[in-house]
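Student: Can you build the whole structure from these sequences, using the hints too?
For the sequence shown, the positions run -12 to 123 when my numbering is used.
A couple of the hints might just be wrong.
Straight-line Cα separation of at most 30 Å, BS3-like style, residue types lysine-lysine; simulated pairs [claimed, not checked]:
id, residue 1, residue 2
1, Lys105, Lys27
2, Lys101, Lys27
3, Lys120, Lys27
4, Lys111, Lys50
5, Lys65, Lys120
6, Lys27, Lys98
7, Lys122, Lys27
8, Lys122, Lys34
9, Lys110, Lys98
10, Lys120, Lys50
11, Lys65, Lys34
Calculated directly from the structure, the hints in this document are not laboratory data.
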Amino acid sequence: MASFGGWRRQVSYPSVVPRVSSTTNGSSRVIAIHSTARWKSHFDASKLSTQLMVIDFTATWCKPCQLIESAFEEMAAKFTDVVFVKIDVDELMEVAQAFQVQAMPAFFLLKQGKVVDKVVGTKKDELQRKIEKHKI
-12 MASFGGWRRQ VSYPSVVPRV SSTTNGSSRV IAIHSTARWK SHFDASKLST QLMVIDFTAT
48 WCKPCQLIES AFEEMAAKFT DVVFVKIDVD ELMEVAQAFQ VQAMPAFFLL KQGKVVDKVV
108 GTKKDELQRK IEKHKI
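Tutor: See below:
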């Protein structure tokens, strides 16, 4: 887990496989949000829906985030009735602060604009269980 509060980046991690994202081939169901305006629009629309939204708070320098990225993409492909969103904390710091993100990766599960659950760390089995629980 990489620390978010105070932007501590001095954590060393073992070598990992380079980050590969299916967003490059256009087949990803994960919505990457890069602006506050787009986030606000997306968040406001989600308040009117009963559909589960899973937010992945990440950063390009976060090695644990890179480790779980492919699992998050796979979940997005599997759970087609769930909205999957990715937010880089360096790009949208105010959104991360609004959700009180203190470590990453951090996954927030929302329904109708309200947080119903969260998972911090690379706990993909726990994240999948919580998605299955709340997607109904």
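Student: Within 30 Å, alpha carbon to alpha carbon, are Lys27 and Lys98?
Tutor: Holds, at roughly 15 Å.
Student: Against the 30 Å threshold, does the CA-CA distance of Lys111 and Lys50 hold or violate the hint?
Tutor: Answer holds: Lys111 to Lys50 is near 15 Å, not above 30 Å.
Student: For the pair we were handed, Lys110 and Lys98, check the Cα-Cα distance against 30 Å.
Tutor: 21 Å, holds
Student: Mind checking the alpha carbons of Lys122 and Lys27 for me, to see if they're no more than 30 Å apart?
Tutor: 22 Å, holds
Student: Hey, Lys120 versus Lys27, does the alpha-carbon distance stay inside 30 Å?
Tutor: At roughly 26 Å apart (the allowed maximum being 30 Å), Lys27 and Lys120 satisfy the hint.
Student: Verify the proposed pairing of Lys65 with Lys120, using a straight-line Cα cut of 30 Å.
Tutor: 14 Å, holds
Student: Regarding the pair Lys120 and Lys50, is the alpha-carbon distance no greater than 30 Å?
Tutor: Roughly 28 Å separates the two Cα atoms, so the pair holds.
Student: Are the Cα positions of Lys122 and Lys34 separated by 30 Å at most?
Tutor: Holds, because 15 Å separates the two Cα atoms, which is no more than 30 Å.
Student: Compare the distance between the alpha carbons of Lys105 and Lys27 with 30 Å, and conclude whether the hinted pair is satisfied.
Tutor: 20 Å, holds
Student: Take the C-alpha atoms of Lys65 and Lys34, compute the straight-line distance between them, and say whether it is at most 30 Å.
Tutor: 23 Å, holds
Student: Tell me if the straight-line CA distance from Lys101 to Lys27 falls inside 30 Å.
Tutor: 14 Å, holds
The structure is consistent with each of the numbered hints, conforming to all of them.
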